[in-house]
Amino acid sequence: MKSKMVLSLFFVFSLLIKPALANKASVSIEAPKVVKANEEATITINITHKGNSRFHYVNRVVVTANGKEVARWDFSSGNRPEGENFSREIKLQIQTDTEIVAEANCNLHGSAGPARVTIKIESEKS
Numbered sequence: 001m002k003s004k005m006v007l008s009l010f011f012v013f014s015l016l017i018k019p020a021l022a023n024k025a026s027v028s029i030e031a032p033k034v035v036k037a038n039e040e041a042t043i044t045i046n047i048t049h050k051g052n053s054r055f056h057y058v059n060r061v062v063v064t065a066n067g068k069e070v071a072r073w074d075f076s077s078g079n080r081p082e083g084e085n086f087s088r089e090i091k092l093q094i095q096t097d098t099e100i101v102a103e104a105n106c107n108l109h110g111s112a113g114p115a116r117v118t119i120k121i122e123s124e125k126s
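With the first letter of the sequence shown counted as 1, position 32 gets the number 32 in our numbering; the numbers rise by one all the way through.
The hints are simulated quantities; they were obtained by calculation from the structure and are not laboratory data. This structure is a prediction, so every number in the text was calculated from the model and none was measured. Note that beta-carbon positions come from the ideal geometry of N, C-alpha and C, so glycine has one too. There could be a bad hint or two in this list.
Here are the simulated lysine to any residue pairs, SDA-like style, with alpha carbons at most 20 Å apart [stated by the list, open to error]:
| no. | residue 1 | residue 2 |
| --- | --- | --- |
| 1 | Lys-91 | Ser-53 |
| 2 | Lys-68 | Thr-44 |
| 3 | Lys-50 | Glu-82 |
| 4 | Lys-50 | Lys-68 |
| 5 | Lys-91 | Trp-73 |
| 6 | Lys-24 | Asn-85 |
| 7 | Lys-24 | Ser-53 |
| 8 | Lys-24 | Leu-108 |
Pair ranges (Cβ atoms, derived) [what the hints assert, rightly or not]:
| no. | residue 1 | residue 2 | range |
| --- | --- | --- | --- |
| 9 | Lys-4 | Phe-55 | 37 to 43 Å |
| 10 | Leu-108 | Lys-2 | 30 to 36 Å |
| 11 | Thr-96 | Ser-53 | 39 to 45 Å |
| 12 | Phe-55 | Val-34 | 23 to 29 Å |
| 13 | Ser-77 | Asn-38 | 37 to 43 Å |
| 14 | Glu-82 | Gly-110 | 20 to 26 Å |
| 15 | Thr-42 | Ser-3 | 53 to 59 Å |
| 16 | Ser-3 | Gly-83 | 29 to 35 Å |
| 17 | Lys-2 | Lys-24 | 37 to 43 Å |
| 18 | Ser-123 | Asn-23 | 38 to 44 Å |
| 19 | Phe-55 | Glu-124 | 52 to 58 Å |
| 20 | Glu-82 | Pro-114 | 21 to 27 Å |
Using the sequences and the hints given, assemble the complete structure.
Listed below in structure tokens is the structure:
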């Protein structure tokens, strides 16, 4: 009986301490700064979030290009990301200067805010 009580207290304590160690989901973007017009750019979205359990996880990552959604990944307690740190890659045809915005969201704590980069079109030389 005593060991069950100790085990129960340990379980409750572990649930209480995890939120204190948790944080909001954050992203960074790796992308070329300049490309030629109509060139395909490879863009990597790096997601960081302390916590990846059945109860606490990144529930979505959204990427927009000039305000239009170009990629989205939705997660659930049964379909979580592969780890606390993970990446997703997209390829986009860049026709004009393009602002890429990415944001990840934690199901409990929300987002640390979006990351932004601008891919410029290489200017033609006379």
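We went through each hint and held it up to the structure:
Proximity of Lys-91 to Ser-53 is assessed by CA-CA distance (about 30 Å); at most 20 Å being required, the pair is judged violated. Of the supplied pair hints, the one linking Lys-68 and Thr-44 holds, its CA atoms being roughly 17 Å apart against a limit of 20 Å. Of the pairs offered as hints, the one joining Lys-50 and Glu-82 holds, with about 13 Å between alpha carbons and a cut-off of 20 Å not exceeded. With a C-alpha separation of about 29 Å, the suggested pairing of Lys-50 with Lys-68 is violated against the 20 Å cut-off.
Between Lys-91 and Trp-73 the alpha-carbon distance is near 15 Å, which keeps this suggested pair within the 20 Å criterion. This hinted pair checks out: Lys-24 and Asn-85 have alpha carbons roughly 13 Å apart, not beyond 20 Å. Between the alpha carbons of Lys-24 and Ser-53 the distance comes to roughly 14 Å, so the proposed pair stays at or under 20 Å and holds. Proposed proximity of Lys-24 and Leu-108 is supported: the alpha carbons are some 8 Å apart, at most 20 Å.
Distance hint check: the CB atoms of Lys-4 and Phe-55 are about 22 Å apart, inconsistent with the given range 37 to 43 Å. Our hint of 30 to 36 Å for Leu-108 and Lys-2 holds, since their Cβ atoms are close to 33 Å apart. Hint check: Thr-96 to Ser-53, Cβ distance near 42 Å, so the stated range 39 to 45 Å holds. Here the CB-CB span from Phe-55 to Val-34 is close to 43 Å, at odds with the stated 23 to 29 Å.
The beta-carbon spacing between Ser-77 and Asn-38, approximately 42 Å, falls within the hinted interval of 37 to 43 Å. Between Glu-82 and Gly-110, the C-beta spacing of about 21 Å keeps the proposed range 20 to 26 Å intact. In this structure the hint that Thr-42 and Ser-3 lie 53 to 59 Å apart at CB holds, the actual value being about 54 Å. For Ser-3 paired with Gly-83, a C-beta distance near 33 Å keeps the hint of 29 to 35 Å intact.
At about 40 Å, the CB distance of Lys-2 to Lys-24 agrees with the hint of 37 to 43 Å. Taken as a hint, the range 38 to 44 Å holds for the pair Ser-123 and Asn-23, whose Cβ atoms sit roughly 41 Å apart. Taking 52 to 58 Å as the suggested C-beta distance range, the pair Phe-55 and Glu-124 conforms, at roughly 54 Å. The hint said 21 to 27 Å for the Cβ distance between Glu-82 and Pro-114, and at roughly 22 Å that hint holds.
Of the numbered hints listed earlier, those contradicted by the structure are 1, 4, 9, 12.
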